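Student: Protein sequence lines, in the order shown, are assigned to chains A and B. Per the numbering used here, residue 1 is the first one in the first sequence, and the count goes up by one each step. Per the numbering used here, residue 1001 is the first one in the second sequence, and the count goes up by one each step.
Simulated from the structure, these hints should not be mistaken for laboratory data. Given the structure is predicted, the values throughout are model-derived calculations rather than measurements. You may find that some hints are simply not true.
Only pairs whose alpha carbons sit at most 20 Å apart, straight line, appear in this in silico EDC-like list of lysine to aspartate or glutamate [what the hints assert, rightly or not]: (1) A:Lys6 <-> B:Asp1044; (2) A:Lys6 <-> B:Glu1414; (3) A:Lys2 <-> B:Glu1414.
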Amino acid sequence: MKLDRKNKLLIGLCVAAGLLILQLFSIQVLSSDFKNEASSQSTLRVPVYPRRGVIKDRNGKVLVGNKQCYDVMVTPKIVREFDTLEFCRIFDVDKEYVQNKFAEFKANAKRIGYQEVVLLKQVSKEKYTEFAEIKGFDGFRCQLRNIRDYPFNAGGNLLGYVSEVDADFIKRHPGEYRPGDYAGRTGLEAAREQDLRGVKGEQKFIRNSRNQIEGPYKDGLEDIEAVPGKDIVTTIDAELQSYGQRLMQHKVGSLVAIEPSTGEILALVSSPGIDVDMLAEIGKHYKEISENPYKPMFNRAVQASYPPGSCFKVMNGLIGLNEGVITPATAYPCSRGYHFGNHTLGCHAHTSPLDLETSIMMSCNAYYCYVLKNLLENKKYESIDEAMTVWNEYVHSFGFGEKLGSDFPAELGGNIPTANYYNKIYGKGHWKANTVISISIGQGEIGCTPLHLANFCATVANRGFFYTPHIVKDSEGVEIDEKYHEKRYTKVAPEHFEKVVGGMYRAVNSPFGSGATASIAQVPGLDICGKTGTAQNPHGDDNSVFMCFAPKDNPKIAVAAYIENGGFGATWAAPIASLLVEKYLNGEIRDERKGLEYRMLTGDIMWKVRVKKKK
Amino acid sequence: MIGQRTSQRSFAGSVDWLLIISYLLLVTIGFMNVYSTVHNTYPDVFVWDSRACKQLVWIGSAFLLAIMILFVIPTRIYEQIAIPAYLGIFVLLVLVIFIGKETNGSHSWFELGPIKLQPAELSKITSSLTLAAIISKLDLKFKTFRDYLIAGAVMGLPMVAILAENETGSMLVYVGFLFVLYREGISGWWLFLLGLLIATVVVTLKFGPFWSLLLVGIAATATNEIVIGKGRRWFLIFLPIVTVLIVWQIIFTRLTAENPESAARFFDPAYITAALLAVLMVVYLIRGFRSLNGFKMTSVGAILACIIMVFSIDFLFDKVLQPHQQKRIEVLLGITEDRSGAGYNVYQSKVAIGSGGFFGRGYLNGTQSTYGFVPEQSTDFIFCTVGEEWGFLGCTAIILLYVLLISRIVNGAEKSRERFTRIYGYCVAACLFMHLMINVGMTIGLMPVIGIPLPLVSYGGSSLWAFTILIFIFVALDRNEKKYF
């Protein structure tokens, strides 16, 4: 073939055609960008949100269910002019809101591309139906959503709330969430998120350039079905929880009830709490809740550390018995307190001298000062440091001073002082039993949560062991950690418990005028055993504390009540706790206690609680 | 009466069947793809509102035209009517500027009731015929300036009118006639110069004047030295200068970026290069004058033209081109990226074609071209449908089909004994080539967005008829020669 002009031109033709083919090869075969872009333009991926698991109480009553609503979605790139006024009329929103939203979409046009974004959230089914019947809204679509429904007013912040994930949340859970997803943010919803949320599905549709759906993509073969979330059965008794909440209204504090034989939490009230009506629309109420000076989001039952007060005498009595520094018959005198040097740790008027049972029944301070002194100055141990460490280990064995390991995401450990702690404050060798004498009566450096206290009460009820308290039960598809089925024994031998139980029985069941501190908690036939506490509160009146269990033999329920600024243990905490026990065991309140119940339900001591007002 | 000749070959023996088959294949492919773009709205072909149905009518009438040209119209009249038809169409080309209906910013369509006519389409036929008639009649050999002038005038007149109509695309097709003139004897350096000018414009817009001046310098010195046959001298003298200039340009850019007030700013490499080119021009002019070397003197003119081009490009770009054309060129060269504005069409078109992959998504399975994501999907951007549904394989096949069609025409033209037929054949090939390059190049982002149809495939009667006439006049001329030998 000679290279004449014709052939040169033909070569040129082939080179030019080769260039076209080369470029085609580069965009069709080498690059995948265009394929991805095409699929994002022409396929509409609609997430199929799974039904979130339902939360039930121990009797199968639904605490948290689901109801349907719709999100109005829009693909801004496809939206042409539409009737804004009509849109605003249907959905009852301001024109400015819609305009602002679209201005925002326009500013982020590059990032949004052909994606759908949310214009309105959670509109009702009725509005959706009306909107769906009107034409002329190209680029709009309604997305079915499940939102939480609370058929029963019990639980509140114990249940926690569900809300749409924000950018920060997505970052903290890489790969798990996308904008528009909902997630449990507090309480049970957050703790059992993995079980409750289920697995999101996806449907793919072919859409045209006006975002109208032309049909399923590949006949729906690539669609992924959503897997519904697992239902959770809690240990909560909805009726009891609800009653507890009513008892605690207008008071600041906590009320915790545990089934001693299983460690299951029957009720857990933190007051003031959040009404379920607020949980359902947390977004609307969030500001109001976070500005409330009583901090209703704060779950005092597991997150607040208080001194246990006189309830702790039971602990020191048990340790004393186990260490052999006292016997049940050991008696100490009390002359309106315990006197050491120039100091006196005061006490109230009661018979003297008294033995162990009576000291619990009458809540004698001096008795336990002697017990603690005996414990810390025990000749068995070389130094007070060692004695203190032994004491500390006893207390820890009841779950105090550390997180109990319950299934609450944010549980507080509290504080039980150690020898090191006092060495740091006073210097090694510069402190003795009398220096730290206030821990004998549950004051001073001791801090515990109401859950600790309820668990302690359950341990006493069990005569020496407890199950780690928990709020979720085994149910179909959900298995709780094996540790919740394991008995945890304390370092105090079981035989010592009967004596203190006797004291607690007498504290409640002795008649008025006998010197018993908790006669007000007495319910005929229930054999309630209890111990009052009056814990000093640097901010105003003493805290009212009470722990009790019932019946004495084969106990069914252990309760701890902690009322901030409530005064004596017998003033608020003992009646409230006993009413809760009565309700649980009898199902109703006896007629002669109706007056007491009325007083507790309506009593308002919020004014006593000093709070920092936020500006 | 012709049938009585004994030496006459049959119809089947005297036409290029490969050419006819590739024509028929392309028309069929065109119909299939037009149907694909509308099948979602009109699943039924035989609905008058459907473009597929209309295209069937255009195809049927185009076949009638082809038959008329092959069997009814005597071939000798083409040479006779060429010039009068050319002049008549020229009048229409000018008239349409004033009384034409504006569509998409251009005044190129006559509208007489339901009939729409675009004289620019017909002008391709008459210009081809006239170019062939004049060159063959006057026996232009392109040795004198007069020959260039006459051929240039035949090409230039309709170009100016069409440019005035704002039909840049159709105007560019005429540039393809340069290939015809090349076949007929003009110097290859003209094509080289055309390429150099285009390269200069692109390089100036994209990289700046320094690089384009450097390109001009390299082209001018390299060609001059190599023509003299002293390639060694070029490597010894000019290559070092080029290297130094490039190094200085890099240093200069960094210095001025750090400190715009730096003394280096007085030594802009662009001006240094321009000064060197000026010296070079003087040297070549003197040498060329002494030795009466025409090539040297012409190249001086070329360098001058290029330098003027480089320094006036901003002016031309800003003042002569319309804003939308400026944008299209900027997008093409990657100077600005604009996916929602000027770059939208190209981007969407590339997305559609790119989504086809190697094998394509299958006929009627495209989403981008079916559901309205591609603009002008059945006319100028019909290639998107091919790309999306038939993939790289289908695209390559169709491009090769065009190459086959064009090369069959070129081969037929080359074999022809009459210069008129040969030139006309080359003209047809050039038109097809330019349309193919501009249209396909546009859809895959190699060319700016210039609205011209893909021959025989795009929807529309006007274009299909024009190309059918164009091609079948050649088939008739070719057959006319063959049947007697």
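Student: Next step is simple, just say for each hint if it's right about the structure.
Tutor: Going down the list of hints, with the structure as the test:
{"no.": "1", "hint": "A:Lys6 <-> B:Asp1044", "verdict": "violated (46 Å)"}
{"no.": "2", "hint": "A:Lys6 <-> B:Glu1414", "verdict": "holds (8 Å)"}
{"no.": "3", "hint": "A:Lys2 <-> B:Glu1414", "verdict": "holds (14 Å)"}
Checked against the numbered hints given earlier, the structure breaks only hint 1 and satisfies all the rest.
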